[in-house]
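The residues making up each chain are set out below.
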Amino acid sequence: EIVLTQSPGTLSLSPGERASLSCRASEMVRGNYLTWYQQKVGQPPRLLIYATSSRATDVPERFSGRGSGTQFTLTIDRLEPEDFAVYYCQQFGSPPFTFGGGTKVEIK
Amino acid sequence: QVQLQESGPGLVRPSGTLSLTCSVSGGSLSPYSWTWVRQPAGKGLEWIGHVDYAGTTNYNPSLESRVSISIDSSKNQFSLTVRSVTAADVAIYYCARFFSVDFRGWYYFDDWGQGILVAVSS
Chain A
1 EIVLTQSPGT LSLSPGERAS LSCRASEMVR GNYLTWYQQK VGQPPRLLIY ATSSRATDVP
61 ERFSGRGSGT QFTLTIDRLE PEDFAVYYCQ QFGSPPFTFG GGTKVEIK
Chain B
1 QVQLQESGPG LVRPSGTLSL TCSVSGGSLS PYSWTWVRQP AGKGLEWIGH VDYAGTTNYN
61 PSLESRVSIS IDSSKNQFSL TVRSVTAADV AIYYCARFFS VDFRGWYYFD DWGQGILVAV
121 SS
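Sequences listed follow chains A and B, in order.
In terms of the working numbering, the first sequence opens at residue 1 and continues consecutively.
In terms of the working numbering, the second sequence opens at residue 1 and continues consecutively.
You may find that some hints are simply not true.
Covered, in the sense of this in silico footprint (three residues per stretch, anywhere, with C-beta under 8 Å from a C-beta of chain B), are these stretches of chain A [what the hints assert, rightly or not]:
#1 23 to 36
#2 42 to 55
#3 92 to 104
By construction, these hints were calculated from the structure, which means they are not laboratory data.
Ideal Cβ placement from N, Cα and C applies to all residues, glycine included.
Produce the entire structure from the sequences given, and follow the hints as far as they go.
So, in structure tokens, the structure goes:
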């Protein structure tokens with residue numbers, strides 16, 4: 001199975017700063033079928049980005065995704081207070097559709 | 001956008017069987033696939049498996065020997081069964097819609113239930 005390693009584990013930033021989250025795959029993700037979710041405490045995950053770089057409906061433009069092969073990045077420009085949460089990547093290149101371990105973006 | 005709601009016992013005995021149902025409202029099960037994901041407290045997400053509207057399933061190999069997912073279109077529901085449960089199965093269980101468009105390479109879980117906490121204890 002494809003193992004996704006997210007780094008850093010925790011990112012401490014201030015509102016208005018840029019967040020850069022990494023998701024590295026143990027092997028190439030077929031088709032770059034890489035998805036990102038945001039999860040807040042007590043809530044289910046929320047879809048943010050699919051197919052590496054396509055924003056889901058109603059996701060603000062400050063969220064962007066890029067990457068290919070085994071290295072993918074989620075960038076959040078100008079952090080808003082509601083962006084502090086845990087972020088997960090997931091690959092759909094081959095089953096099982098594994099998730100990364102998550103990156104927590106916390107207020108510095 | 002559809003609404004999903006998990007239901008089932010919140011407590012299962014060790015070595016027993018966990019059975020959960022996901023009720024879908026605001027849309028039809030067809031032509032989508034439907035998935036289960038779980039999350040131990042304070043930990044990450046684990047994909048359990050999915051079922052398409054025709055009943056074809058795909059499971060995580062780590063759970064495949066103990067898991068079944070089925071679909072009931074007449075009730076607009078799909079279900080999860082986990083057999084021989086242990087403490088390692090304690091988690092919040094989420095159901096979600098698995099949206100896919102193969103020729104576009106679109107794959108994602110878009111609509112999620114709120115989750116149901118399942119504990120294992122005698």
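- Query: Hint by hint, which ones does this structure get wrong, listed from lowest number up?
  - Reply: The structure breaks none of the hints.
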